[in-house]
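S.K.: Chains as they are written, first to last, in this note's numbering: chain A, 1 to 384; chain B, 1 to 384; chain C, 1 to 384; chain D, 1 to 384.
Bear in mind the hints are in silico, worked out from the structure with no lab data behind them. It is possible that part of the hints are untrue.
[Claimed, not checked] Within a straight-line C-alpha distance of at most 20 Å, the following computed EDC-like cross-link-like pairs (lysine to aspartate or glutamate) qualify:
{"no.": "1", "chain 1": "C", "residue 1": "K3", "chain 2": "B", "residue 2": "E43"}
{"no.": "2", "chain 1": "C", "residue 1": "K181", "chain 2": "C", "residue 2": "D14"}
{"no.": "3", "chain 1": "D", "residue 1": "K3", "chain 2": "A", "residue 2": "E32"}
The lines below spell out each chain.
Number of protein chains: 4
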Amino acid sequence: MQKLKLGMIGGGNDAFIGAVHRAAAVLDARFEFVAGALSSTPERSLASGHALGLPEDRIYATWKDMLEGERRRPENERVDVVSIVTPNNVHAEIALPFIDAGFNIICEKPMVTTSAEAAKLAAAVERSGVVFGVCYNYSGYPMVKEAAALVRSGAIGNIRKVFVEYHQGWLADNLETTGQKQASWRVDPARAGIGGAIGDIGTHAENLLTTVTGLRIEALCADLTSFVPDRRLDDDASILLRLSNGAKAVLTVSQICIGEENNLSLRIHGDGGSLAWRQEEPNHLTICRADGSRQILARGGPGLAPETNHASRLPTGHPEGFIEAFANIYRAVADGVLHKRGALATIPSMPPTVHDGVQGVAFIEKVVQSAKAGATWVQYHTTQ
Amino acid sequence: MQKLKLGMIGGGNDAFIGAVHRAAAVLDARFEFVAGALSSTPERSLASGHALGLPEDRIYATWKDMLEGERRRPENERVDVVSIVTPNNVHAEIALPFIDAGFNIICEKPMVTTSAEAAKLAAAVERSGVVFGVCYNYSGYPMVKEAAALVRSGAIGNIRKVFVEYHQGWLADNLETTGQKQASWRVDPARAGIGGAIGDIGTHAENLLTTVTGLRIEALCADLTSFVPDRRLDDDASILLRLSNGAKAVLTVSQICIGEENNLSLRIHGDGGSLAWRQEEPNHLTICRADGSRQILARGGPGLAPETNHASRLPTGHPEGFIEAFANIYRAVADGVLHKRGALATIPSMPPTVHDGVQGVAFIEKVVQSAKAGATWVQYHTTQ
Amino acid sequence: MQKLKLGMIGGGNDAFIGAVHRAAAVLDARFEFVAGALSSTPERSLASGHALGLPEDRIYATWKDMLEGERRRPENERVDVVSIVTPNNVHAEIALPFIDAGFNIICEKPMVTTSAEAAKLAAAVERSGVVFGVCYNYSGYPMVKEAAALVRSGAIGNIRKVFVEYHQGWLADNLETTGQKQASWRVDPARAGIGGAIGDIGTHAENLLTTVTGLRIEALCADLTSFVPDRRLDDDASILLRLSNGAKAVLTVSQICIGEENNLSLRIHGDGGSLAWRQEEPNHLTICRADGSRQILARGGPGLAPETNHASRLPTGHPEGFIEAFANIYRAVADGVLHKRGALATIPSMPPTVHDGVQGVAFIEKVVQSAKAGATWVQYHTTQ
Amino acid sequence: MQKLKLGMIGGGNDAFIGAVHRAAAVLDARFEFVAGALSSTPERSLASGHALGLPEDRIYATWKDMLEGERRRPENERVDVVSIVTPNNVHAEIALPFIDAGFNIICEKPMVTTSAEAAKLAAAVERSGVVFGVCYNYSGYPMVKEAAALVRSGAIGNIRKVFVEYHQGWLADNLETTGQKQASWRVDPARAGIGGAIGDIGTHAENLLTTVTGLRIEALCADLTSFVPDRRLDDDASILLRLSNGAKAVLTVSQICIGEENNLSLRIHGDGGSLAWRQEEPNHLTICRADGSRQILARGGPGLAPETNHASRLPTGHPEGFIEAFANIYRAVADGVLHKRGALATIPSMPPTVHDGVQGVAFIEKVVQSAKAGATWVQYHTTQ
């Protein structure tokens, strides 16, 4: 199978997530990394490009150079997919011209910083017909796909109550004042947008909730806090939710929970059973049934849904992790591109789409709106 | 040491919790069970008394008979402590005359069904000077005492965020329509009061939260649901809380979470560390410190607080459970009685008091008030 | 139901295990503790008796006094059961005359220190017809009974491989030189017999293995070590076993494993599934079936064997522990006594018997024999 | 950094482990996969090469073709490293000529099938000076490196007892009779050599034990079994070990443990503490210290050894798994090659070497020798 050509904007060699994108892209030998404008300054962009061994003529100083440079190439030599791995505030301005120029896109989350931008992006994607995937990478885990499949199959009946948590501890202190790069832009409204923790990780929690349950949020009541002195964006959120089928949910997000590593967890309770999954031990999923039985399902084990097995690479007991889940986003985009070009008859799985991205941005806005009004209820009229 | 004489009201031999009280009372050889009015009908009271081997002349048909019968005995033959193990609605009417007659009391939770009753009880206790313990038995676990001691010692700094959950699944279906006795009265407003799950187990969660953190609740926003059709009281609650030092908390309670057994858990995050404890594995407590270290403390292990070790009976690795925690309430009441009589110089530990009971009833009322107003914020002006 | 009268030899108020026996005895209101010769010196025996509130005329200075004193009483006032809670070396000399005098016995493990003594005890029990239970208390856990029931039912097919471990860390250092009482006698051949760790806890592991699997040991190869300098008995054992159906087993025992609390665990692999249980989390049992499914069974949950439920007191999620398992030995002995007297038609469960005790002593001897011969294979011809 | 050119022998697109090698090789962008003789028949070799997108002129029908083809290329175009991913019986005949021709090698385990072959390989490696890594991939996990570093630092004192287990369930039935490819060759003495489970996974356990402890095996007593009818090689092993410092160990290996996925675990007990690690949850390591404290160390967390952090790619809580550990072997070989060529001043970590391979083969032989002699002790005089 011909490899697709990948270009990257942001994600230079001092950004943890850039390396994840590159590893995820090549894991299945579906992409080769050929071009990049890897940092926010020309100097660092060039340095990163050299350090990562890109061909000289495809190390770009800026994303505009890359747009021009790649457009100038014959169609069959251009990058097939552009990954946008920058701070949130520049996603839209970068993505729009690339979309308009017909490049397929993988975009970090939150997709953009306002619903207005999000709508423009969605319109552009529809207009141009490019494949556009948003990096809600946690939805790429095989056992998350299994959870969704079990919900769809009716294994736990009608959903009543959902608990989704995303707790970290790395911002419990004012790390941003030390020059730590990851922290600095995430707590800066100019670069992160109106959401702190709620934007950085809350949107993952929201996507996990809606993706697995298949339900929409209809109302929310959010209490946001900035616990660390002088921090301008929230670092903690507690949110009550009402879902489209009458179910209730509680979504909590925090980056000040000392001792928590990257604890994203989902528990779904239906009238016929329940499901529980934890990102830090992603290879298993617990299902309880109405008869009171409790079973641990293992990735690679028997009896799983086809989409779960498609998302899984190794036999049971051989732990898969974060990179493999991420790679499933890349693989889904690759499949989408090949399908669009007629090289693949069917698409075995879909990445999170621009519509998931739109919904994520709306979520952040509604949460901030609720919080600013004193943690009061906000109706929620997004459509999916 | 002379054993104290225990009488019991309710808790007949078809009630699970009655057997727990009796086992807890005798575990440390501090009580002998000598009298009872064990059920709501005279016939069943007598049958239970005989089945449990009480002396003929102390098997009472009704609590009123017991009050009279015991008062008639010479002071040194009377029951020293009366346990009230009935549905909530009759706690007050039983407790008040016993208190006024000078009997020490152990009372199930929620203490009573209205704040008005609670105030009367508190006044009666103060007037009479009896020892009065409320069965917030989960506070009796050694590692809960350790958590409280660690908070007091400053081990986790100033508390910022607390998560307390109490999730069960046994009422996920309409068990109450099958004649199951435990279920029937708990979902009946006439016997349970205004709270369903929030009264039955939410009050445990509230007591655990305030006891361990030492903080007061200042405001709450509660979303209550009755998921099971035709159920008149809540079987699920999601509550946002604001605490006295500016901390935030999320308290969730549910009895419709299929697969959950009796999952009471507490996670406390301070600016200097965090604590996590789970009732289903009560012999351990996790502490994380600001330096990122994660340590598992074991009951019976080294370096614990004196009150933790006092509450513990067995060496580490020899699991203690529910009954031992319950027995710690009984032992604390016994110590209180002996101290009042001058037979004990100091009291090594305190049971949950009538003031905890008052606070628990207020909590239920505020939660229901908030929920009825559409899950809006209610200020919280109880004092402890 | 009339309570049985319990007398105790050893287990004075400075012995942890004495308090466990007393709590276990009264937990179900089946016994009252009325008499004792509670220590190895008359002074301490009398002091313990007073401290524990025994009636003056039944506080005995020595076990011989107790034997005489109780025999002199009218039959219906005598102790019904005598618990022997002393170091191993005096079990036989105490038990024999009590058995011959018709007293029912509960005896700590290992039952005696030599097979010769064990045979005498077994013969005496048979001759006298008394009820005799050995404190293999771990077999009293409900989920251990469930494991045995599942094996009998064929749920895991023919057993192929068994792993049983009993690892502790409390003797990793030379605690015995500090005067610590528990340690002192356990490492002293004069009081403990020929086995150190293998006698103290290895015999529990052996009993758990054979009780749950229903298989006999046919050969063993044992490597014993005394890791702590100057310790005269083993503190660590690694043993290969061959079982009666061709299954193999590995039994490891250690008291020098720093960090291990009281980690007794059992894993049984059959050709149709497997079972796993751990004493430190005793309320659950894992079963895996040939189809690859993994299920967690919970004490108090649905679908368990009658003997499991009979051994269980609390609803699921309300942790039971060490004392409840211990109490199941006491309850089984009480049932046996009542049955013998015609007061109970059937016996719902059996305690570990004198034959389990015989087998345990033989196990220790074979292990030591193998180890002394350089960890070579020893055939095993005990019969049960 | 210039990428190294990788060729592969075996590991065609129907072999799970081939895909793992390829993913591991490219994860860090240190290798590009350019050549292969990917299967045991020319037809399947060519088909796999095409399917995997190798350049036409480097898809070889046989390893001999590849040897010749690559030798003919100019030195700077040749493959830098050859991965040997075939059944065990052909490792030696393939590796030797490649070594002699100066190619660097990554070889699957067990390295070869006899000690005679192993010695030849070791001699060839020494003669030629190539870099030679053996795929003891579990040693590549960061927290395994941390365990080794902690042992070296004295954190747990002198090692006394080690438990190493490697339990799987996938061969509990006669899978080999169904044509399943993974099973077929592993149970066939002609292709696997004299060891079944002991060769396939026992050698991993042995390597983990000796790598982390730094101790040599001095004697062993091994009981091997073939539980599945008609299976010619062992599928289960129980082994007692004596180590070079007087420590004892128990090593158990099984492929008939239904319910076990890929459960490799290591517990090391010293006189100053203990360590525990489990491959299925590889991102954490438990350390207990002599003071009784129990701490969970997290990959990516604070206070770890430099070699641990070097082996880690993601922040804490972002699970790394099997492929990352495998990739650490590839990265170490790449570093070795670059260092040999003067392009890297120091080598940050070493892969398992030909000497580890020699030791692994000797282990299998000694185990089989012991088992054949009736599970008797065999002295162990290999040197490392």
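S.K.: So which of those numbered hints doesn't the model satisfy?
M.R.: Number 1 only.
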